[in-house]
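J.: Listed below are the residues making up each chain.
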Amino acid sequence: MTSPEYAAERWWRAGRIVRFGFLQYRADNPPRIVLAAIWPRLIFQTVFWVLLGFVAAGDEGARFAYVGAVATVLTLGGLAGMSDVPVDDKYAGTYSRLLAGLTPPTLVFFGRGVAQLAMSVVEMLVAFVAAGLLSGQWRTMLELVPLLPMYLVIALTMSAMGLATASFCVGKRAEVAIYNAAMYLVILCSGAFIPRGTLPVLDVIGSVLPATHGLLAVRSALADEPWLAELSLEAAVGAGWLVLAFYLFTAQTARSRRTGSDSFS
Amino acid sequence: MLVCARLQMAEIRTAWIIIGVTIFQPIVFLLVALLPSADRSAEAGTRVAVGVALSVSWSATAWGSASVLRRERAMGTLARALAGLVDARLIVLGKGLGASLLSTVWALATLAVTLVALRQPVSLANPGWLLLGFAVLLASGSAVGLLIGSVFVLTRYGPQVTAFLTFPVILLGGMLIPPEILPPPLTWVSALISLRWLQEYLVTSAAGSPNLAALGYAVVLTVGYAAAGIGLFGGIVDRSRREGTLDLT
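Here the protein sequences line up with chains A and B, keeping their order.
Residue 6 in the numbering used here sits at position 6 of the first sequence; the count goes up by one each step and never skips.
Residue 113 in the numbering used here sits at position 113 of the second sequence; the count goes up by one each step and never skips.
Hint data in this document are derived by calculation from the structure and do not stem from the laboratory.
Treat the hints with care, since some could be wrong.
Claimed, not checked - If you want a taste of the chain A side facing chain B, the calculated C-beta under 10 Å gives, among others:
id : residue
1  : Ala8
2  : Arg41
3  : Phe44
4  : Leu76
5  : Ser96
6  : Met183
7  : Tyr184
8  : Ala192
9  : Pro200
10 : Leu202
11 : Pro226
12 : Ala229
Unchecked claim - Residues from chain A shown here face chain B by an in silico Cβ test under 8 Å; the list is partial:
id : residue
13 : Asn29
14 : Val47
15 : Asn180
16 : Phe193
17 : Ile194
18 : Thr198
Note that CB positions come from ideal geometry on N, CA and C, so glycine has one too.
Make a model of the complete structure from these sequences and hints.
T.: Put into structure tokens, the structure is as follows:
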């Protein structure tokens, strides 16, 4: 096969893998479930965090919590949803086929993760608007509109961490605990709801988690302060998680091929 | 029923979701509700701790009852459980009770450890009255479990539906968010949630003057949930058996 043909076929394969990710998402979450259960859940969840912020620290607390809550919406698709990407193969018994396939499993998982990333952004936008209006935070919402690209960076870093944590899920029957731990860790340590400086240990853990630096950038931009350094740190954290995810999946694939285990166990 | 409760407790101990709900969630809720707040008195601490305990108990009940039937479906025993000689409602009630009991105990233990680590004072004036409140909480949880179980017989998307149910009840149940700050129509919804009354009863009991009227409301609502659950679950199971759709939905 000549090189341009080979490249074209690789692009074709990549397109099919990404498309399959979307089909898989739709099979797991048909539109009526998304509209009736997933989106309302995220809206209620966001309103809850805003009101909790209000109860703890008044109007300022509510505004602080809204800015953070929008980012934590990304944990559902970016962390929990992403862990389903390799786990679905475990339950469907198809991992051995991925091992024998032409495209390395790592790239298959990355490609199928695109759907989870895209849906996490959609979910965030829905909660951003609906919860902003329902919780009376529409002024903050309007101020945040020009800053949405920063949330997009957070979405990317969240999904990168999601891929890395997903690699631990297979073979252990512990995916629920793993992604729950990751979600709560982000909620607790990213400064979404607890201002930095309140409990130093949370800040230390938060410094390598998605959303921490991104939210600092968003809050700095809201206060007309420099934000580029924090946003760059957020991107760096995301790149770190992505490299880790790539390494972990590749190492697990190599081990599965070597030992003959077919679900990374 | 008690055999089912014991079986469920054994099953839950092997399921990882219990760690998410009874360990991570109470720690996160407690820290997020307490740390940004200026009021760290024993009174505020008690209110938040009871609110977190009830919220976690609700999540655990929702996920626990959800996992009861999901597991039966996964293991292929759903049809047998629902078509057996023993009334399926007893099985689900018993399993719901087991799920509520185990998760409430775990959540309370996690809360106690976190409160000690934070050096947050709380008041515990009437342990007897508090225990009575938690007994009603377990009964309420089992009754609601029957209602949630019905959803799992109806749809294969039970986890998504359960996830949807979790936050509205935590939001409207008056546990961490005082019902007074909700808009008027929602305070009515809040009054129909037994946890709202249990919150009031447990906080007043901890302070030394239990609000027995609130406990009464909680008991009445629990009886209502149980009656609705028994009717609905029975109806849905009958329909599934008639139409032969068990395990197929």
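J.: Failing hints, ascending?
T.: 1, 5, 9, 11, 12
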